[in-house]
Each structure stands twice: as C-alpha cells, then as structure tokens.
Amino acid sequence: MDQELILELPNDIRSIEHAVDYVMRHCSTCCDYARRFNLNFRVGLTEALSNAMLYGNNSDPNKRVRIEVTVRVEEIAVRVTDQGEGFDPTTVPDPTLPGNISKSGGRGIFLMKALMDEVHFNEQGNSVTLVLRLEGEADK
Amino acid sequence: MGFQVSKLGDVTVIDVEGQLIVGNRQELKQKILDELEKGERRFVVNFSDTGYIDSSGLGVLVSLSKKIREQEGELRLASLNEDLRTLFELTKLDTLFTIADTREEALEGL
Numbered sequence: 001m002d003q004e005l006i007l008e009l010p011n012d013i014r015s016i017e018h019a020v021d022y023v024m025r026h027c028s029t030c031c032d033y034a035r036r037f038n039l040n041f042r043v044g045l046t047e048a049l050s051n052a053m054l055y056g057n058n059s060d061p062n063k064r065v066r067i068e069v070t071v072r073v074e075e076i077a078v079r080v081t082d083q084g085e086g087f088d089p090t091t092v093p094d095p096t097l098p099g100n101i102s103k104s105g106g107r108g109i110f111l112m113k114a115l116m117d118e119v120h121f122n123e124q125g126n127s128v129t130l131v132l133r134l135e136g137e138a139d140k
Numbered sequence: 001m002g003f004q005v006s007k008l009g010d011v012t013v014i015d016v017e018g019q020l021i022v023g024n025r026q027e028l029k030q031k032i033l034d035e036l037e038k039g040e041r042r043f044v045v046n047f048s049d050t051g052y053i054d055s056s057g058l059g060v061l062v063s064l065s066k067k068i069r070e071q072e073g074e075l076r077l078a079s080l081n082e083d084l085r086t087l088f089e090l091t092k093l094d095t096l097f098t099i100a101d102t103r104e105e106a107l108e109g110l
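Note that the protein sequences, when read in sequence, are chains V and R. Residue numbers for the first sequence follow our numbering, beginning at 1 and rising by one. Residue numbers for the second sequence follow our numbering, beginning at 1 and rising by one.
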C-alpha cells in the first residue's frame, strides 16, 4: 500500500535540514533501506529543495515549497514544487566538464540526476519529481 | 552540530560536525575567511563527523580553496567517509582537492 506525505515549507533554506530529516524518518518507518536511501535520497531531496528555494522562488520569503512523498514497496517518489516561473533544465551545463569543475556552483541538478534513478521536470520547470528504486535495498 | 576551529602549529583545522549544506555553508565560509584575514594560510577541513554534503557545501569548498590559493595558502580535506567520497568522485572534485584519509595524514607536509 502506498504511503503518502505532503509538506508545505516556508521559502527559508534553514528549514531544509529539518524537512529532509522529517521525510527521511517518515520513509524509514516503511522499511529498512540502506546506503542508497541514506545518501542518494537525502542528497537528492536536499538539492531539489535548495533549487526550489534559491532559484525557483528566487529566495522570496513570501513564497512556499511543496513536498509530496509517495512510498511504495519498490520505490520512493518525491515531488518538489516551487511557486516560481520555472526554468529549462536542459540549459544547465555539465559541471564535470574541465572548464566547469573549478566553478563554485552548478552541481545541484547534476547530483540529483546522478543519485536518483529518475528525475522528471514538469513542462513549466517549477516542479521536479525524483524517484529512487528500492528493489533489493534492504540486503545492501 | 557545527564547525569547530582549532590550531595545530600553524595549521587551522576545522571539524565539520553534522552536515555541510545550503543552510550552514555561509557559517563555514565566514569562519575560514576570518582566519584567512588574521593571516592563517594552511587549512584542513576534517569530515570525520560529517553526515552528508550537498552541492552548496561542495561549492563553498571550491570557492574557499580558490580564495586560499590566491593568498598563497593551501586547503586540504580529510577523513571523507565512503558516501562523501562518492560525492567528490561523481562531481570530479576529487581531482581538484588534496584529500587525505585522516586528519593526521592531511597535516603531514602542510
């Protein structure tokens, strides 16, 4: 049976750590995952939230960010939606190219894609869905 | 949780306790810039008590490394656990930093 959790956060980067901890605790009650859950999901969700607050909502304290988590037997899916105008994720350069490695920014979307099994943006570009598959995770 | 600054000879060691993420990266940045301003030039950031780092945390390390090099100093990283090493390898930042297995190893020859 699916388990769902919905949170609305103020657009404050200080809330990210607590929100991620809360979601992690919610998900860990469903089953006993291992490394990919603790690292990949945690960092992927942190990246999605910081992107939403800093870039999507442009650090506007009057805006909010919505988190929708669905835990299934085989996967965890989380959708993070901001109240910004959206952006085109295909325009973000690869931060691992030689000329970009020494830049201080630009790794958020790359890490999401590298750590999660699926990353989908909506057409507007203000909502991202991250999926982490859990098959066999309890054994790792 | 937070950042503990200590001195070992002329090396400034910063222990990162908990997380290095978007919400606290400025605190680390300011602590190291304050030390740089005081004339310190050799730094070790120790991650033996660190849970995870996000892209903002990685970014602040890149930015600090650049500022320290501009002042003819050096920043080394130490004690990355397997998860943290994975993040540095994925982003190829392992090619940008000197990363030691332990704090003691990082201090050698610095």
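Just so you know, not all the hints are guaranteed correct.
To be verified - In the DSS-like style, the derived pairs of lysine-lysine whose C-alpha atoms are separated by at most 25 Å in a straight line are:
| no. | chain 1 | residue 1 | chain 2 | residue 2 |
| --- | --- | --- | --- | --- |
| 1 | R | K7 | V | K113 |
| 2 | R | K7 | V | K103 |
| 3 | R | K66 | R | K92 |
| 4 | R | K31 | R | K7 |
| 5 | R | K29 | V | K103 |
| 6 | R | K38 | V | K113 |
| 7 | V | K103 | R | K92 |
| 8 | R | K7 | R | K38 |
| 9 | R | K66 | V | K103 |
Since the hints were made in silico from the structure, they are not lab data. Keep in mind it's a predicted model, so treat the numbers as computed, not measured.
Tested hints:
1. A C-alpha spacing of about 39 Å is found between K7 (chain R) and K113 (chain V), which places the hinted pair above 25 Å, so the restraint is violated.
2. Distance restraint check for K7 (chain R) and K103 (chain V): the Cα-Cα separation of roughly 29 Å exceeds the 25 Å cut-off, and the hinted pair is therefore not satisfied.
3. Taking the CA atoms of K66 (chain R) and K92 (chain R), the gap is near 16 Å; set against the 25 Å cutoff, the hint holds.
4. Distance hint between K31 (chain R) and K7 (chain R) is fulfilled; the C-alpha atoms sit about 13 Å from each other, no more than 25 Å.
5. A distance of roughly 16 Å separates the Cα atoms of K29 (chain R) and K103 (chain V); the hinted pair therefore holds under the 25 Å criterion.
6. Proposed proximity of K38 (chain R) and K113 (chain V) is contradicted: the alpha carbons are some 40 Å apart, above 25 Å.
7. Annotation: proposed proximity of K103 (chain V) to K92 (chain R) holds, straight-line Cα distance about 12 Å (limit 25 Å).
8. In summary, the hint linking K7 (chain R) to K38 (chain R) is supported, as the alpha carbons are separated by about 13 Å, within the 25 Å threshold.
9. Of the supplied pair hints, the one linking K66 (chain R) and K103 (chain V) holds, its CA atoms being roughly 10 Å apart against a limit of 25 Å.
Comparing the model with each numbered hint stated earlier shows that hints 1, 2, 6 do not hold.
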